[in-house]
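Chemist: Take the given structure of chain A and dock chain B to it, following the hints.
Chains as they are written, first to last, in our numbering: chain A, 1 to 179; chain B, 1 to 169.
Hints were generated in silico from the structure; no laboratory data involved.
The hints are all genuine.
Lysine to aspartate or glutamate pairs mimicking EDC-like chemistry, simulated, CA-CA at most 20 Å apart:
#, chain 1, residue 1, chain 2, residue 2
1, B, LYS16, B, GLU106
2, A, LYS54, B, ASP76
3, B, LYS5, B, ASP81
4, B, LYS157, A, GLU120
5, B, LYS157, A, GLU160
6, A, LYS54, B, ASP81
7, B, LYS110, A, GLU122
8, B, LYS93, A, GLU120
9, B, LYS92, A, ASP156
10, A, LYS112, B, ASP54
11, A, LYS54, A, ASP31
Because the structure is a prediction, the values reported are computed rather than measured.
Chain residues, written in single-letter form:
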Amino acid sequence: MDPPQVTEADIAKYRGMVGAPLVAPTLLEPDTLRRFVHAIMDGDALYHDVAKAKSSKFGALAAPPLYPVHAFRRAPDGADPLEMLHADPDADGSGGSDGMFFGLPPIETAFKRLLNGGNEIEFYRNLAVGERCVARARYANVNLKQGKSGTMLLVDVETEFRTEAGELLLINRQTLIWR
Amino acid sequence: MSVPKLCIDDVTIGQKLGTIDKGVMTTSHIMRWSAAVENWHRIHYDHPFATGHDKLPNVLINGSWKQHVLVQLVKDSLGPDGWLWKIKFRYKKMDVAGDTIRGAAEVVAKETVDGLGFVTLRVALTDQNGAVSTAGYAIGVLPTRGGPPVPYPFVRKSEYDAIRLPADD
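Okay, chain A solo, but in the shape it has when bound:
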């Protein structure tokens, strides 16, 4: 099969594009935090002991540093991603929800294979119980590159996560590679 033909003209429109702010459908709730820290198997008392958390630098129960990237789950009235399994038994179940674009229009490309090229993250503050997370993403770099196995599309998605009050939580720079 011939490799896909992708040109600079196909990708230029994405470069520097900024997505609309994406608002988490819910506040961080104590039970959500409980299930989350169970899943990452982090028994840190600051995630469940209210008295300890209040006397710590966080001043309240707060989520693990990287929690905000998982705060954007299906809204109560959101489409059911598992519906697709009725129409297509081979569907992967993701419903196109990949947790990478955070409000940006996904890159449309003829490349078929998508790889995670790595992350670089800066942390400033943890999301506290009762707070809501807002993400704003931009395509920081969108470039074609010649590799040993042919042309690749390299995309850096830079996403800032803030509280609704605008306080910076973290910045996540994720490199995506299409081949």
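Modeler: For chain B alone, coordinates are given in the frame of chain A:
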């Protein structure tokens, strides 16, 4: 004022600052993560789909979960008076159900800027055979002995601009 548990003065180049162990990771552990973050991709819990449709050796441990193991490793290595400021990592290989995950953080550089200590750590996750699945670097902030506490929320300053994560190995 309480005495910090770990200061930049206590840290030496080459020091193993911390380790973390998770596992054996079973399909149930992976499913618990997928449910917690509502990631319904079938490669993480549907064995016939993962092995038959996607030709994987078993259901896949989520890369997103491994990110949190690295963050927990650095957070706990720095202790309650430190702050994980930056981390970068790349995935080197997949991990699947039945694997054990061990993380380790080693000091590769340290410096003091504007009264705060900055420690650079090489971080990695390995499986039960010692194969590296995820690798990168982190920069943690620690107090200096007798110096001010690390501010929370952490605040970027122009004085810190020269403190950068190393290039990938």
